[in-house]
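Chemist: These protein sequence lines are chains A and B, in that order. The letter at position 60 of the first sequence is residue 60 when you use my numbering, and the numbering goes up by one with no holes. Heads up, my numbering is the position in the second sequence plus 1000, with the first residue counted as 1.
Calculated from the structure, these hints are not laboratory results. These figures come from a predicted structure and were not determined experimentally. Don't be surprised by glycine CBs; every beta carbon is placed ideally from N, CA and C. You may find that some hints are simply not true.
Among the chain A residues that face chain B by a calculated CB cut under 10 Å, a handful are [stated by the list, open to error]: (1) Leu107; (2) Tyr164; (3) Lys195.
Below are the DSS-like pairs computed for lysine-lysine, each with C-alpha atoms no more than 27 Å apart in a straight line [what the hints assert, rightly or not]: (4) A:Lys63 with B:Lys1014; (5) B:Lys1167 with A:Lys2; (6) A:Lys162 with A:Lys101; (7) B:Lys1025 with A:Lys162; (8) B:Lys1014 with A:Lys27; (9) B:Lys1018 with A:Lys113; (10) A:Lys18 with B:Lys1191; (11) B:Lys1008 with B:Lys1025; (12) B:Lys1101 with A:Lys18; (13) A:Lys2 with B:Lys1014; (14) B:Lys1166 with A:Lys8; (15) B:Lys1171 with A:Lys8; (16) A:Lys171 with A:Lys25; (17) A:Lys63 with B:Lys1008; (18) B:Lys1018 with B:Lys1101; (19) A:Lys14 with B:Lys1195.
A partial selection of chain A residues facing chain B, derived with a Cβ cut-off under 7 Å [stated by the list, open to error]: (20) Met1; (21) Lys2; (22) Leu6; (23) Ile22; (24) Lys25; (25) Lys27; (26) Phe29; (27) Met47; (28) Leu51; (29) Ile59; (30) Lys63; (31) Leu69; (32) Thr176.
There are 2 protein chains.
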Amino acid sequence: MKTEDLIKQVAFIKEIDKLKYIQRKTKLFNSDRPENDAEHSWHLAMMAVVLAEHSIQAIDILKVVKMVLIHDIVEIDAGDVFIYDTTKNHHNTEEELIAAKRIFGLLPENQAKDFLALWEEFEAGETAEAKFAKTMDRFEPLLQNTSNNGGTWAEYDVPYQKVYDKKVAMKAGSETIWNYAENLINESVEKGILKK
Amino acid sequence: MKTEDLIKQVAFIKEIDKLKYIQRKTKLFNSDRPENDAEHSWHLAMMAVVLAEHSIQAIDILKVVKMVLIHDIVEIDAGDVFIYDTTKNHHNTEEELIAAKRIFGLLPENQAKDFLALWEEFEAGETAEAKFAKTMDRFEPLLQNTSNNGGTWAEYDVPYQKVYDKKVAMKAGSETIWNYAENLINESVEKGILKK
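Just chain A, with the same shape it has in the complex:
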């Protein structure tokens, strides 16, 4: 039974290696090298561990870490969608759900169910853990873009209001982090790396 589980788990472990090839639009800090989804997921997991004290609500940190570790795995099949791309739907696309079922479905049945539920909880963004996980997911590219002279904001001509409208959701996860982020956004306007 344990060995049967392990064989399925190894198949999943091999499959998710593909996340290392999915390039994001956002670049590494002080860099023009695009970040890939595996690096991004590691960084969010570190951020969740380091920043947990700032969550508004009490959170199960392991649950948040699991969420950010797996949140982009669907992109192995469905690809990365740029957050400011207005031509595409970002949430719960049929394509992403099919991807989640295929990839998590490689795992033993109960584990597959748990991972699918965790990914859906993240996507829905309603629980304390999902809110904090999403705050991490919004915070990392903000830090990267401000370290990169505007980064993707400059590259894709994204104006202040669009950035603000996406980032303000961070407030639901952490007031402290949102206050810091809002200052960074305002400073970016003052520095001329984000257009108002």
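Given chain A's structure and the hints, the job is docking chain B onto it.
Modeler: Same frame as chain A, but now just chain B:
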């Protein structure tokens, strides 16, 4: 107080981005592209979550995940040492300890202490969590090398006995995973991708 913490935490979050530039000798699955330490750490965290049921002893999964997320951060200053390089010491080098103190030292004081202690616990390899974390760290490159026609074993002419002697430590974390790994090693000899 919270904002003071956050400023230090953000400095740490920016600093650890450098882990994405540290190349390992081991290549991605079915690939000749070297893996970097951030990708490796993400993969180990996923493996710890997925494979936890196979631990011999009861483990605190969050602790294991934290360990594997941070275990290579010292390499930002100290560099990656190839496991089969016999000219270098792999454990608790003075250089790594200095690196740990500098990098974790960017965090608020109590958090810095916790992270340093966690890294030292991993390095010592004596607790149930450290043993399981180390089993993950041994298992991933074994899966990669067998998917890569011998990978670094072939590239650096590493013989069966050396591989066996390094990998057998996995047994202390999980009998089930070790049995699977031992079979993979034996199969590799049969296939001629590992020399006896």
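Chemist: Of the numbered hints stated earlier in the document, which are not met by this structure?
Modeler: 2, 3, 6, 7, 9, 11, 12, 13, 20, 23, 24, 25, 29, 30
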